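Each chain, written out:
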Amino acid sequence: MTGKKAVKFLLFAFVGLSVAAAVYKITGAPCCEDSKPAAQPAPAAVDPAPAAKAPIAAKTATVYYFYTNTRCSSCTTIEAYTRAAVEEHFKQDYKGWRVVFKGVNTDEQANAHFVQDYWLNSKSVVVQRYAGGKANRWARLDKVWTLLGDKDAFAAYVAGETRKLLDEK
Amino acid sequence: MNAELWAAMGTALWTGIITSVSPCPLATNISALTHISRQSGSHKLAVLAHSGLYALGRALAYAAVGFLLVKSLLSAPAFSFFMQKYGGQLLSPVLVLAGMYMLDMFGEGFGGFNFLDISKFKSKAGAASSLLMGFVFALAFCPISAALYFGVILPLAASNSAPLALPLLYGLGTALPVAGIALALDLGLKKISSVAGAAGRFERYARPVTGWVFVAAGIYLGLKYIFGIV
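Here the protein sequences line up with chains A and B, keeping their order. As numbered in this note's numbering, residues 19 to 187 make up the first sequence, in order. As numbered in this note's numbering, residues 48 to 277 make up the second sequence, in order.
Calculated from the structure, these hints are not laboratory results. Keep in mind the model is a prediction, meaning the values are calculated, not measured. Virtual Cβ for every residue (Gly too), placed ideally from N, Cα, C. Keep in mind that a hint or two might mislead.
[Said to hold, decoys possible] Calculated Cβ distances over 10 Å to all of chain B for the following chain A residues:
1) His107
2) Glu126
3) Ala128
[To be verified] Here are the simulated BS3-like cross-link-like pairs (lysine-lysine), alpha carbons at most 30 Å apart as the crow flies:
4) B:Lys132 <-> A:Lys120
5) A:Lys77 <-> A:Lys187
6) A:Lys120 <-> A:Lys109
7) A:Lys43 <-> B:Lys132
8) B:Lys132 <-> A:Lys26
Using the sequences plus the hints, can you model the full thing?
See the structure below:
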């Protein structure tokens, strides 16, 4: 077999394998196998619908970072910056609100509802307020994608939007 | 036109540029760049024409998606996640096969991808390759393009009552960096050719190089989106 023929064979094999794997993933994969992350993700949290679970504290806000199995460099940066912003700006409670960060994989079946709950389009940051055991106001922070190049501005945006939400009556 | 709409149009164009220069669409951008650049020398305006058509293809794809969303024929979250999940997976074998075709691996008699070959359609539809490539590459949403298109451009388009103009400008913006580099390369190559008398040498290598770039991009997308290895 000549070199060119071998390369041709290998490429055809790759195409065949890719198509078969893709078709299997789309149509035939068992539900829970698909939820295994392709790369090491952030610690995932399996949360029910925003209104379904009462947080422990009376007044808490969760800054969610929603991701999928497929990771990208911009996505991991958003996750790291958001986590850092929460840890830096909300070490102490804010006006009685405890603010926590949580990463959630929406490719896991139990979390798939978040896509519709918050009308997510991609990896996203959402601040959800819980008061008196119930989820109420929330905000999706879409500008995180345009502030990726400026960590300080990113942190200020996340902190500012979170405070704005918590200041609302 | 009021100032607000002008600002929105500028935002749409700039957001497109930001999308394109992020790491995520690098594989498709390199593929597009090599495909467009290899037209250099076939005609003095070939690269400009193919750049324009590539941009038009991208713009039309975003406008079409925007139109379908406005008409409520698609659910934005469902469509966005579907394309992010499967766009790369579908594109992988297509790119590998297109690259193999450019490398003449299907045998000389094979003509199935003729529409991709400008030389066979010079007089008529050769332009289809770049137009189609722009359209398909735009639909292979990656996280940043999905976030900016669905999260910034479409709400902006809705608030300014410009459901077609802003997605079109966004699409043009996403093509500008590739088109700009392709045109710069074209100018450079023409200068080198005129000085060193190297005309013809570039064309000889352009097709196989483009073919291998397509194969590499396809393999990369497959490893990333199908097999989850990279």
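Comparing the hints with the structure gives:
Look at A:His107: its CB is around 23 Å from the nearest CB on chain B, clear of 10 Å, so calling it non-interface holds up. No beta-carbon of chain B comes within 10 Å of the beta-carbon of A:Glu126; the shortest separation is about 13 Å. With a cut of 10 Å on Cβ distances, A:Ala128 stays outside the contact zone with chain B, its closest approach being about 16 Å. For the given pair, B:Lys132 sits about 23 Å from A:Lys120 by alpha-carbon distance, which is consistent with the 30 Å threshold.
Straight-line distance between C-alpha atoms of A:Lys77 and A:Lys187 comes to about 13 Å, which keeps the hinted pair within the 30 Å bound. Only pairs whose Cα atoms come within 30 Å are accepted, and A:Lys120 paired with A:Lys109 is accepted, the gap being roughly 15 Å. Restraint check for A:Lys43 and B:Lys132: the C-alpha separation of about 10 Å stays at or below 30 Å, so the hint holds. This hinted pair checks out: B:Lys132 and A:Lys26 have alpha carbons roughly 28 Å apart, not beyond 30 Å.
Checked against the numbered hints given earlier, this structure breaks none of them.
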